[in-house]
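Both chains are sitting in their own frames, so use the hints and assemble them into the complex.
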Amino acid sequence: GAVVSQHPSWVICKSGTSVKIECRSLDFQATTMFWYRQFPKQSLMLMATSNEGSKATYEQGVEKDKFLINHASLTLSTLTVTSAHPEDSSFYICSAREGGTTSLYEQYFGPGTRLTVT
Amino acid sequence: AQSVAQPEDQVNVAEGNPLTVKCTYSVSGNPYLFWYVQYPNRGLQFLLKYITGDNLVKGSYGFEAEFNKSQTSFHLKKPSALVSDSALYFCAVRATDSWGKLQFGAGTQVVVTP
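So the sequences go chain by chain: A and B.
Just so we're aligned: 45 in this note's numbering is position 43 of the first sequence, and the numbers increase by one with no gaps anywhere.
Just so we're aligned: 65 in this note's numbering is position 63 of the second sequence, and the numbers increase by one with no gaps anywhere.
Everything labelled a hint here was simulated from the structure, so no lab data went into it.
Positions of the beta carbon are idealized from the N, C-alpha and C atoms, including for glycine.
To list a few chain A residues with every Cβ distance to chain B over 10 Å, as calculated:
| id | residue |
| --- | --- |
| 1 | Thr19 |
| 2 | Lys66 |
| 3 | Phe69 |
In silico DSBU-like cross-links for lysine-lysine, where the CA-CA straight-line distance does not exceed 35 Å:
| id | chain 1 | residue 1 | chain 2 | residue 2 |
| --- | --- | --- | --- | --- |
| 4 | A | Lys22 | B | Lys51 |
| 5 | B | Lys51 | A | Lys57 |
| 6 | B | Lys103 | A | Lys68 |
| 7 | B | Lys79 | B | Lys51 |
| 8 | A | Lys43 | A | Lys16 |
| 9 | B | Lys51 | A | Lys66 |
| 10 | B | Lys103 | A | Lys66 |
| 11 | A | Lys43 | B | Lys103 |
| 12 | B | Lys71 | A | Lys43 |
| 13 | B | Lys103 | B | Lys71 |
| 14 | A | Lys16 | A | Lys57 |
| 15 | B | Lys24 | B | Lys71 |
| 16 | A | Lys68 | A | Lys22 |
| 17 | B | Lys79 | A | Lys43 |
| 18 | B | Lys60 | B | Lys71 |
| 19 | B | Lys79 | B | Lys60 |
| 20 | A | Lys43 | B | Lys60 |
| 21 | B | Lys103 | B | Lys79 |
| 22 | B | Lys60 | B | Lys103 |
| 23 | A | Lys68 | A | Lys43 |
| 24 | A | Lys22 | A | Lys43 |
| 25 | B | Lys79 | B | Lys24 |
| 26 | A | Lys68 | B | Lys51 |
| 27 | B | Lys51 | A | Lys43 |
| 28 | A | Lys22 | A | Lys57 |
| 29 | A | Lys43 | B | Lys24 |
| 30 | A | Lys68 | A | Lys16 |
| 31 | A | Lys22 | B | Lys103 |
| 32 | B | Lys103 | A | Lys57 |
| 33 | A | Lys16 | B | Lys103 |
| 34 | B | Lys71 | B | Lys51 |
| 35 | A | Lys57 | A | Lys43 |
Pulled a few chain A residues facing chain B out of the computed Cβ check, cut under 7 Å:
| id | residue |
| --- | --- |
| 36 | Ser45 |
| 37 | Leu46 |
| 38 | Ile95 |
| 39 | Phe111 |
| 40 | Pro113 |
Okay, chain B solo, but in the shape it has when bound (with noise of 0.2 Å):
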């Protein structure tokens, strides 16, 4: 079986300073990781995955994230993060075998303050 945890319900930051967003997973074989983020009454956006190779995946909007297998983590980075960056986030893992089914974290809410 696969899973995954958000550890935070909730991260908050002040506009500039580093945001990360942690999550680690527990899966079968190799782990593909998937960040995606939602807005209010929005569908998923992706944002980056990590399939193989270089540990850390660069993706969309600034954001970054690295891949830990020793540690099972996928922790998502950005180093300055926005006001407009205030969006829930979900880790989502899905093992080689398993159908192409994501299993999603419980989310984080990011809150970037002014």
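In isolation and in its complexed conformation, chain A is listed as follows (with noise of 0.2 Å):
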């Protein structure tokens, strides 16, 4: 099956400083891509959705001059976090998909990135 993978699984960054995700697509093109937040027992949050070749959409409330997104390959999507605080730690779950926005293609999604900021 499509593999995805995330790098590093877990960060420890101090405050103030920025901290950058990746996430890949090991085995396929990865013509979308999203990223998603998740707090400790609870659901996930997408925060941005990017294609290919073009700016991120974020979602309402996600701060995109905070978390940058950059999709530079069919294989690799970053997500930068910017002057990062203790409240963006979290975990952080990237997902890849063949197809664009329309496409019924399977969602794959990374293991994860481990985020605390102290």
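Written as structure tokens, this is what we have:
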């Protein structure tokens, strides 16, 4: 089956610094990638949708200047948390899918990245 | 707007007994429905989906789900639960015109006791 990887799997950073999380589709071309945030024992909250080569579409309430998303290739998307604060600590999960916005292809999820801001 | 309700925060079942995890949805138009499972500190694993066709969908690890349009439900079932099925289960819906976005339910913790 299709595999999506995330790196790093966990990261600890100091308040005020920036951290980059990578999401890669290993064996398929991901036209569309999604970034989610998950708080402990809660559901996934969609942060943004990105299509390869174009700007990400952010969900309402998500700060686009704080959570920078780049989908530069069909196998790689990055999420950069800029000037991180403790309230940004969370579990970040990406997913990837072949095809565009109306595609019926399956979404495949990465293993997640645990971010802790001290 | 689309929404998903998973009315039970937790489901407890003894190993070998049937397992049911409930899900109801609200969406404009035809729904695409999904079930995912999440183990601690891991991403989501796909179990099954309903797009069209037969209302009974069979998926991974012996799970199945039945799409019921009149009741707007998509309950997940397994005839005989295993201890290893203990995990967090998410139901998700996607409307055909939703730009591919999945709306997840709150999740149901399944605990299977030996």
